[in-house]
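Trainee: Each chain, written out:
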Amino acid sequence: MIRTTPIEFASRFLFASALLTVAAPGQEEAPVSEATESCIFCHENLHPGIVAEWRNSRHAQITVARALEADESERRVSASEVPEQLKEVAIGCAECHTLNSASHPDSVAHGDEVIHPVVTPADCAVCHPVEVGEYAQNLMAHAYANLVDNPLYADLQDQINGVAEWSEGSLAHRSPHARAADDSCLSCHGTKVEVLGRETRDTGLGEMDFPVLSGWPNQGVGRINPDGTLGACTACHTRHGFSIAMARKPYTCSQCHKGPDVPAFKVYEVSKHGNLYKSLGDDWDFDAVPWQPGEHFSAPTCAACHISALATPAGDVVVRRTHRMNDRLEQRLFGLPYAHPHPLSPSTHGIRNAAGLALPTELTGEPVADAVIGAEEQAERRARMRSICSTCHAKSWIDGHFEQLDRTVVATNESTRTATAILQDAWARGLATGPATGGSPFDETLERMWVEHWLFYANSTRFAAAMMGADYGVFANGRFWLAKNLRDMATLTELQDEDR
Amino acid sequence: MIRTTPIEFASRFLFASALLTVAAPGQEEAPVSEATESCIFCHENLHPGIVAEWRNSRHAQITVARALEADESERRVSASEVPEQLKEVAIGCAECHTLNSASHPDSVAHGDEVIHPVVTPADCAVCHPVEVGEYAQNLMAHAYANLVDNPLYADLQDQINGVAEWSEGSLAHRSPHARAADDSCLSCHGTKVEVLGRETRDTGLGEMDFPVLSGWPNQGVGRINPDGTLGACTACHTRHGFSIAMARKPYTCSQCHKGPDVPAFKVYEVSKHGNLYKSLGDDWDFDAVPWQPGEHFSAPTCAACHISALATPAGDVVVRRTHRMNDRLEQRLFGLPYAHPHPLSPSTHGIRNAAGLALPTELTGEPVADAVIGAEEQAERRARMRSICSTCHAKSWIDGHFEQLDRTVVATNESTRTATAILQDAWARGLATGPATGGSPFDETLERMWVEHWLFYANSTRFAAAMMGADYGVFANGRFWLAKNLRDMATLTELQDEDR
Amino acid sequence: MIRTTPIEFASRFLFASALLTVAAPGQEEAPVSEATESCIFCHENLHPGIVAEWRNSRHAQITVARALEADESERRVSASEVPEQLKEVAIGCAECHTLNSASHPDSVAHGDEVIHPVVTPADCAVCHPVEVGEYAQNLMAHAYANLVDNPLYADLQDQINGVAEWSEGSLAHRSPHARAADDSCLSCHGTKVEVLGRETRDTGLGEMDFPVLSGWPNQGVGRINPDGTLGACTACHTRHGFSIAMARKPYTCSQCHKGPDVPAFKVYEVSKHGNLYKSLGDDWDFDAVPWQPGEHFSAPTCAACHISALATPAGDVVVRRTHRMNDRLEQRLFGLPYAHPHPLSPSTHGIRNAAGLALPTELTGEPVADAVIGAEEQAERRARMRSICSTCHAKSWIDGHFEQLDRTVVATNESTRTATAILQDAWARGLATGPATGGSPFDETLERMWVEHWLFYANSTRFAAAMMGADYGVFANGRFWLAKNLRDMATLTELQDEDR
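Chains A, B and C, in that order, give the protein sequences. Heads up: the first sequence begins at 31 in our numbering, then just goes up one per residue. Heads up: the second sequence begins at 31 in our numbering, then just goes up one per residue. Heads up: the third sequence begins at 31 in our numbering, then just goes up one per residue.
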């Protein structure tokens, strides 16, 4: 551990101060506010990494006033007007961490300012209101409650995170530590960040107050912030560079979309699109707005198909930008027993099927009609996606692709129906204890096999069809495992049955 | 979805037309044929991505006449003479999509031309006859029939892609949808693309005819094309850039060679070679022909060892280019129960072992002598590979490496022999229903475990030895799983036996 | 295979010789010794790859004398003085391969020199004594004996690498081939390289003698070298470029730290740090010494946290370089049943717990107090790591992170305790045969499930917490599998019990 004398400390300040006047050429054209200068004065040496990231960022290099001069199609700021004090300065530390401070319970006096450590969508919305508004309609913004307040998912989470004890020859379930999910499910879904109190620390620059936060650190997509807002823009727009290029690269999405439950990135990696990206992407332009297929890139990343504003080189809009990620997706392929039309509302924990279960489909697969989007909305969303495909592909190609996808959705739903039938039969025969007789549907071996069926295998197979990553449709958690798992479930019930 | 007015449409044409005369500097030195100009006139705005890819390609930038001027060792065109109309123009849309149109059943009138959507090896062969000829001798070209017309593999495919039903307490196998394999096995192996008919569409430029194709889209290595040819050059030479650099990067091979059945790319990734590529490859020259170890790259990619023409900086040939991928491989390490000498013919579905099974070895591992290459051919192929190794490694290094590989082939074959003995014993004892009593060898739990044994674990262990990616020789589907699977197979038969 | 006539051979020499005088601009400023020139004269055409790698290396471009002129903080040579003959020349073939030749049993006369093929840490220590000294205190240097001489691990290795036979309805264990571990466990742990004898080969340049080596080739971290030294610097500092940039990139570590037993690289890949590296790393400076967060890179790679010398842009030391990799790690998270404080000595095979087992914890998890570091040393190591975190993160962030990690260590240890209880119960009830009744604890199905529990799942969950790669804490070998495995172990014992 490094120990620093007061004199060393002072010399760092002098050095840090010197840095401010020696900006890299071509950078930091935007004037830095006095408040931000005073942040940097200390923090550049304390936390050089984040300050350097910011210095290289667009936030540090262009004022909002100048950003607003751009053509609408090229604009990254969706506000038409922003508060006066933000207009003519770089968007630096103080600009974000002191904004709306009255509504931030984590605000504390810090030097001459009142700052809040947790910058929230409400702060970002001052310049980016359209994006924040769309994101609030995005399933991701509701990822916390959609997990924690759905009784079925709450049970699944309890079964996954809990640590059973072995007691007199059988397993005794024990619920997990109250914060166990923070680096498990909630790492991606988002934690509940609350101000638990204040603490005073001796910082070397004297005593200072800091808020004590629960669920911190966290950058999950549905984080509940101290100010009550939902989500962390930094989940994808990594602090403190907030680089659009980074958000458009597939590694950002892969942070949460790589596991067996949602192998989108893995499927992309073995697709032709992923191959093009990995082989040729170093020469693409990931910064341009709008993003032009052909001109700026020659194969889509996740963002190109699901989020970005795309235009032809002639300037025609292909699709407009959206932060409601399912705007171009008519079906939800993962996370639930059956693929089904996307839910109407991004808040899904209140959905109940005919059997009273918190699912958007029956256990036999039929969608809960009034909870999901209708055929017309589905058609519009598919049309949006098709218009992206057509920047490189002819109609018969696209038709064939979606025909295959639809066929695969039917087949994987059928497979899950068979797995469900085996499970229900076992419940009926007393080989496992299901909800009807007071048991969890997620704790026994056979039940876990059922979960793997839809959460891993059906899911992978559909992603593979949707994104043309064949491995994941067959041997890598695909059809090979669907077929095997049905057989293994049947074999287990046979062994259990004969044992009775 | 984007709707376009006629006026917008017209303005796109003007724009597209303008683009033709504003080529990027240093590019498009080759004159574009009138026919291709008229393709681009519409398609540049309709499908800007693929046109841009082509503009950046060598096909767009150099005429065949000029390509033929290069030294033989540097030449990429293997024809000594090409048709007059192809000589002095860029190889553009029309050059390929109108070639040999009489032999393409998918040919249709389109504007002033007769075009076929499915460009086939017969078209590529006009300029690249040696490569197409070699590829026809490549196992990959025969990947469709080698799977579909081999009765054993047809059964395995049926068991994997089919969706069983749960009926009165047992699983009832149901064969898959006729096209289910298209985005499963055949995604890599290749589909059968046939012209099912024609359809007339209102395209916005008036009504036009298009062929209706089965098994489309597909770029599998053994695709059966409408003209009867085998394979899709675009599987590896991604349209419409056809970049040699991309084909040489490992991501191209990884599209099909990444899953547990053939983890070549994954093994490469944890090898020293893969580490060198990922760490330093950005500075290598992936375009040079011939490719010189040391001068152009410092560790092999898949292509370097298996395909590319290599030479020393002094200009000596190390190996000549080959599109028969096993020219440098004496043994087949994957896809079959036992590692064995490569088959004599690339068409393998007719092979029968002594027991009448469509396998190149007996169930106990001995190769079917008249179906596989002999010791002399094996020695020649290994010598070719060794000459590549020796561009960086000394003889004792190479000797030691192949000694290890040979030892591992023996050990993994032994392990598969044990797994097979357990299965045969179970068949004999009635614990599973094998072919002798009319059952599939691939549908029951124990049989599936046997498949995993050789298709995943023995296989991974051998790849790990062949390419020095140790993880895959132990804990990542390697020896740990071979040992575990034998024990688990034995445990299952014990449980089943005691239940009777 | 390439056959070369004597004349061709001679012409290669002329060419190779010419190359020596045509160095690339900006490179090879250091004069090449006569001995190395004579090596290159033949080997540049025989093995062009490695010579080119060396030509691009720092070893070829700067003399030790010049390297010693640098400021101490920027120096890469830790010797204060080196032998006269090494001072003013490039560090080329002869400089390393003839050094200390008396102590190398693999030394042979070769041309005018006596060379040894296996360069060892003793050779590297002539210029880099501090690094070699630290590495000798590193667990990795002892990886061979820590595996092979630990009776428990020797048994596990035997069970993994052995190939059982199926004999009269049961599995008969057969120990593996004496060299089977060479491309399995010992590929990473390191082989024992011994001189078995000499052989004379006709090399085309006349007959020459070469040593015959066991366990060769190998670059495992704990390789036992012919001179008795431990380790291969080339495991991470890949020959013959020895690039610091490459060693700092995560692919180097991933060669051994990617499998399910130690998924460090996989966890990194889905972490924010990994995302930053993959998205933005192309613009970072991987060569600078010392390495400055912010100035040279904006997110850590493996090396940044575990090895490299870090400094602030103001020049303050954050941490000094270390080649004892656990200097910044207070707990060992993988490879053993329970997470526990790091061992006091890097040689661990002599450790015995209260039950006499070669483990640093009891089977119930308590650490063997006199074998592991104490609380004070633990605190110092954590403080070192925290000082690295703080180059980008505030105190409350770091506090929260380590709180989560500590909680996860407790929970995963508890889970392993339950798995162990199930196993011990099964041993007691005769469902499996444990050490108390003369059995291996690693050969039966239930025992293997227990091994997976701690070696794969508990382990992954901890890595995910330590490096914020959430997937691996849940669905990718994380808590989902911990919970499932406990249930599956219980189910198996139920089935076995009822069968009796």
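Hints may contain errors.
No distinction is drawn between identical chains; accordingly, a pair holds when it is met within one copy or between any pair of copies.
Stated by the list, open to error - Cut-off 20 Å, straight-line C-alpha distance, at most; resulting in silico cross-link-like pairs (SDA-like, lysine to any residue):
hint: 1; residue 1: 425; residue 2: 233
hint: 2; residue 1: 117; residue 2: 87
hint: 3; residue 1: 302; residue 2: 316
hint: 4; residue 1: 425; residue 2: 147
hint: 5; residue 1: 308; residue 2: 188
hint: 6; residue 1: 514; residue 2: 91
hint: 7; residue 1: 514; residue 2: 479
hint: 8; residue 1: 117; residue 2: 437
hint: 9; residue 1: 425; residue 2: 264
hint: 10; residue 1: 117; residue 2: 107
hint: 11; residue 1: 117; residue 2: 410
hint: 12; residue 1: 425; residue 2: 230
hint: 13; residue 1: 425; residue 2: 415
hint: 14; residue 1: 117; residue 2: 185
hint: 15; residue 1: 308; residue 2: 275
hint: 16; residue 1: 222; residue 2: 59
hint: 17; residue 1: 514; residue 2: 351
hint: 18; residue 1: 514; residue 2: 225
hint: 19; residue 1: 222; residue 2: 116
hint: 20; residue 1: 117; residue 2: 405
Since the hints were derived computationally from the structure, they do not count as laboratory data.
Trainee: Compare the structure with each hint and give your call.
Mentor: Status of the hints after comparison with the structure:
1. Taking CA atoms no more than 20 Å apart as the test, residue 425 paired with residue 233 passes between copies only; the shortest distance there is 10 Å, against 64 Å inside one copy.
2. When the C-alpha separation of residue 117 and residue 87 is checked against a cutoff of 20 Å, the pair qualifies only within one copy, where the shortest distance is 17 Å, while the shortest distance between copies is 45 Å.
3. When the C-alpha separation of residue 302 and residue 316 is checked against a cutoff of 20 Å, the pair qualifies both within a copy, at 19 Å, and between copies, at 19 Å.
4. In the homo-oligomer, the alpha carbons of residue 425 and residue 147 lie at most 20 Å apart only across protomers (11 Å), although the nearest pairing inside one protomer, at 50 Å, exceeds that limit.
5. Taking CA atoms no more than 20 Å apart as the test, residue 308 paired with residue 188 passes in neither setting, with 39 Å inside one copy and 34 Å between copies.
6. For the homomeric pair residue 514 and residue 91, neither the shortest alpha-carbon distance inside one copy (56 Å) nor that between copies (51 Å) is at most 20 Å.
7. For a Cα distance limit of 20 Å, the shortest separation of residue 514 from residue 479 qualifies both inside one copy, at 11 Å, and across copies, at 9 Å.
8. In this assembly of identical chains, residue 117 and residue 437 lie within 20 Å of each other by CA distance neither inside one copy nor across copies; the values are 53 Å within and 45 Å between.
9. With identical chains, the CA atoms of residue 425 and residue 264 are at most 20 Å apart between copies only, with a shortest distance of 19 Å across copies and 38 Å within one.
10. Within a single copy, residue 117 and residue 107 get their C-alpha atoms as close as 12 Å, which meets the 20 Å cut-off; across copies the closest is 51 Å, which misses it.
11. For the identical chains of this complex, residue 117 and residue 410 are neighbours neither inside a copy (38 Å) nor across copies (47 Å), given an alpha-carbon limit of 20 Å.
12. With identical chains, the CA atoms of residue 425 and residue 230 are at most 20 Å apart between copies only, with a shortest distance of 12 Å across copies and 65 Å within one.
13. Within a single copy, residue 425 and residue 415 get their C-alpha atoms as close as 13 Å, which meets the 20 Å cut-off; across copies the closest is 44 Å, which misses it.
14. For a Cα distance limit of 20 Å, the shortest separation of residue 117 from residue 185 qualifies neither inside one copy, at 49 Å, nor across copies, at 69 Å.
15. For a Cα distance limit of 20 Å, the shortest separation of residue 308 from residue 275 qualifies both inside one copy, at 15 Å, and across copies, at 12 Å.
16. Neither within a single protomer nor between protomers do residue 222 and residue 59 lie at most 20 Å apart by alpha-carbon distance, with minima of 38 Å and 59 Å respectively.
17. Proximity of residue 514 to residue 351 under the C-alpha cut-off of 20 Å is found in neither arrangement, the shortest distances being 42 Å within a copy and 41 Å between copies.
18. In this assembly of identical chains, residue 514 and residue 225 lie within 20 Å of each other by CA distance neither inside one copy nor across copies; the values are 49 Å within and 35 Å between.
19. For the identical chains of this complex, residue 222 and residue 116 are neighbours neither inside a copy (29 Å) nor across copies (61 Å), given an alpha-carbon limit of 20 Å.
20. For a Cα distance limit of 20 Å, the shortest separation of residue 117 from residue 405 qualifies neither inside one copy, at 45 Å, nor across copies, at 53 Å.
Violation of the numbered hints given earlier is confined to hints 5, 6, 8, 11, 14, 16, 17, 18, 19, 20; the remaining hints are satisfied by the structure.
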